[in-house]
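*Asks:* So in the numbering used here the end of the sequence shown lands on 363, straight run, no missing numbers.
Read the hints as simulated data drawn from the structure, not as lab findings. All figures in this text were calculated on a predicted structure; none of them were measured in a lab. One should not assume that every hint holds.
[Said to hold, decoys possible] Capping the alpha-carbon separation at 25 Å, the derived lysine-lysine pairs in DSS-like fashion look like this:
| # | residue 1 | residue 2 |
| --- | --- | --- |
| 1 | K141 | K290 |
| 2 | K342 | K107 |
| 3 | K144 | K61 |
| 4 | K72 | K61 |
| 5 | K342 | K353 |
| 6 | K333 | K51 |
| 7 | K254 | K74 |
| 8 | K93 | K74 |
| 9 | K179 | K142 |
| 10 | K203 | K142 |
| 11 | K141 | K199 |
| 12 | K333 | K354 |
| 13 | K66 | K342 |
| 14 | K141 | K107 |
| 15 | K290 | K196 |
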Amino acid sequence: MKKKAIIISIAGKILTYKEKKLIKNKKPWGIILFKRNIDSLFQTKMLIKNIKKTAGDKKFPVIIDEEGGRVCRLSNFLDNKVYSQQFFGDLFKKDKSISANLYKNYISSICSVFKSIGVNINTVPVLDLFKKNTHGIIGNRSYSSDLKVVKLLGKLCVNTYKHNKISAVIKHIPGHGMALSDSHKKLPIVNTGLDKLMKNDFLCFKGVNAHFAMTAHILYKKLDSINAATHSKFIISQIIRKKIGFKGILISDDISMKALKYDLLTNARKSLNAGCNLVLYCGGKYNESSYLLKHLPLIDTFTVKKTSEFYNFLS
């Protein structure tokens with residue numbers, strides 16, 4: 049399986065000639081879609097069909113970031129702004145049974161839309177623990193400030209997606225909830241020690257058995273005083289892999305975010321060198337995608353194995 053260790057994005061609502069050549073010849077691992085790529089249900093279906101045909105792969109990973117609530121990429125034809133993760137977390141505290149059933153039905157409905165257009169991965173659930181007096185970038189994207197609620201609904205989410213043959217991406221591992229700034233704009237710094245983090249934020253991810261996880265661009269100063277988690281060998285190997293026990297494919301958050309201070313290629317290389325299996329590039333610029341695909345390596349043997357498992361799961 050010859051794929052480059054990167055998920056790229058595209059500029060618009062149709063594949064350009066250059067983008068087609070890039071997908072066909074340079075072989076990105078997958079493609080993530082955003083609102084800029086989506087007009088109607090039919091157009092999105094045709095775009096994804098074209099992507100998979102160009103890649104020569106019916107199971108080619110097509111990813112979307114459709115959380116519900118504030119983060120809705122399909123809003124041109126799917127209105128789920130009411131259904132933030134906090135909506136289900138609040139309902140769960142009032143009535144566990146009704147909340148669980150409604151959430152499963154909601155996810156199954158979303159999955160039927162994904163299947164109809166060809167999406168096979170969604171970057172949910174957000175397993176970040178809600179904290180008061182922190183930056184609002186997470187906010188109602190989190191289920192709750194209650195660790196048990198986050199874990200229970202997170203597991204329910206991942207398992208329901210699996211039941212519907214769509215893969216989930218748990219994020220932002222090992223935890224974004226304590227951030228006082230928006231990592232899209234600058235690097236958040238967390239000064240909390242490991243013991244407290246392992247009993248709270250990091251514990252949200254433990255035992256949630258997803259195929260994929262996405263990293264947090266956060267500097268946990270007492271764990272690695274220099275590198276954001278995405279660039280930290282210690283955090284990836286000792287915390288994410290060992291203490292949390294995540295065994296799937298680890299994807300960096302977007303390498304074009306301002307939290308990572310280097311140029312795109314350096315950000316990508318540092319992510320892979322630290323232990324990320326794939327890097328995520330969301331900018332959609334052809335020249336940047338082309339440059340990254342030219343210089344980044346093929347996926348390693350671990351990622352080949354896990355990608356094969358994902359493909360088998362889709363069968």
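*Asks:* Has the given pair, K141 with K107, been kept, meaning a C-alpha gap of at most 25 Å?
*Replies:* 38 Å, violated
*Asks:* Holds or violated: K333 with K354, Cα cutoff 25 Å?
*Replies:* Judged against 25 Å, a Cα distance of about 28 Å means the pair is violated.
*Asks:* Would the hint linking K93 and K74 be met if the CA-CA limit is 25 Å?
*Replies:* 23 Å, holds
*Asks:* For the pair supplied as a hint, K141 and K199, is the alpha-carbon distance within the 25 Å limit?
*Replies:* Judged against 25 Å, a Cα distance of about 13 Å means the pair holds.
*Asks:* Verify the proposed pairing of K203 with K142, using a straight-line Cα cut of 25 Å.
*Replies:* 19 Å, holds
*Asks:* For the pair supplied as a hint, K342 and K107, is the alpha-carbon distance within the 25 Å limit?
*Replies:* Roughly 23 Å separates the two Cα atoms, so the pair holds.
*Asks:* Tell me if the straight-line CA distance from K254 to K74 falls inside 25 Å.
*Replies:* 35 Å, violated
*Asks:* Does K342 pair with K353 here, judged by a C-alpha cut-off of 25 Å?
*Replies:* Cα-Cα ~23 Å, so holds.
*Asks:* Next pair to validate is K179 with K142; report whether the Cα-Cα distance is within 25 Å.
*Replies:* 20 Å, holds
*Asks:* Check the hint pairing K72 with K61 against an upper bound of 25 Å on the C-alpha distance.
*Replies:* Status holds; Cα separation ~18 Å.
*Asks:* Holds or violated: K333 and K51, Cα atoms, limit 25 Å.
*Replies:* Holds, at about 20 Å.
*Asks:* Under the criterion that the straight-line Cα-Cα distance not exceed 25 Å, is the pair K141, K290 satisfied?
*Replies:* Between K141 and K290 the Cα gap is close to 31 Å, so the pair fails against 25 Å, i.e. violated.
When held up to the earlier numbered hints, the structure conflicts with 1, 3, 7, 12 and 14 and fits the remainder.
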